[in-house]
Amino acid sequence: MFALQLDESTDVSGEAQVIVFVRYQDYSDIRENILFCQNLQSRTTGEELFKVIDKFFAEGGILWDWCLSVCSDGAAALTGKNNGLMAWIRKKNPKVKWLHCIIHRQALASKRMNAHLHETLNEAVKVINFIKARPLNSRMFKLLCQEMGSEHQHLLLHTEVRWLSRGKILNRLFELRQEVHMFLLEQ
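One point on numbering: in UniProt numbering, the residue at position 169 of the sequence shown is 169, and numbering is uninterrupted.
Any given hint might turn out to be false.
As the list claims (entries may be wrong) - List time: in silico DMTMM-like cross-link candidates among lysine to aspartate or glutamate, alpha-carbon distance up to 25 Å:
| id | residue 1 | residue 2 |
| --- | --- | --- |
| 1 | K55 | D7 |
| 2 | K92 | E119 |
| 3 | K81 | D54 |
| 4 | K51 | D65 |
| 5 | K51 | D11 |
| 6 | K81 | E47 |
| 7 | K168 | E47 |
| 8 | K95 | E59 |
| 9 | K95 | E147 |
By construction, these hints were calculated from the structure, which means they are not laboratory data. These numbers come from a predicted model, not from an experiment.
Using the sequences and the hints, build the whole thing.
Okay, structure coming up:
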């Protein structure tokens, strides 16, 4: 018996990919491993995603009857009632459960954040972009961080696409707040 967690996304080169994790019991331990990551050759429909996963299962001798649940975001290609991935999976195993990924839920919830918090995030992104988006500023900031003996020498770039981006960029900005303050004063 196992559970799947999966996500489909497009990388920076425009290639669509699906990554599938598997969670299963190994004696008294719960294990979680990457099952596979594969480029998608055509469209990212539920049917195409199913074909990729089903082929992997067939080649590995994995039965859909062993799948207890699937965890993903709420995209129609994954959850659509008629043509989503879950509809195709349920043709093989009608008992399989679908769970909405908690990280995706957090990302959705944070999109509806308080106006003051949203403005703070926007200001943080502006500061980061001022430094990161200009090569000279980025190099000068790195030198300043090196001179100050900072643990980090780069700010992280914010992206709306990645789930955990907001927390990571704000943490890094906070860790480098003195360096950022000095850099902005010199500008």
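The hints, checked one at a time:
1. K55 - D7: Distance ~17 Å between K55 and D7 Cα, so the pair holds.
2. K92 - E119: Violated, at about 47 Å.
3. K81 - D54: 18 Å, holds
4. K51 - D65: It holds: about 16 Å lies between the C-alpha atoms, which stays within 25 Å.
5. K51 - D11: 21 Å, holds
6. K81 - E47: 12 Å, holds
7. K168 - E47: Since the Cα atoms of K168 and E47 sit roughly 34 Å apart, the hinted pair is violated (cutoff 25 Å).
8. K95 - E59: OK: K95 and E59 at ~23 Å, within 25 Å.
9. K95 - E147: 60 Å, violated
Figure legend: structure checked against the earlier numbered hints; hints not met, in rising order: 2, 7 and 9.
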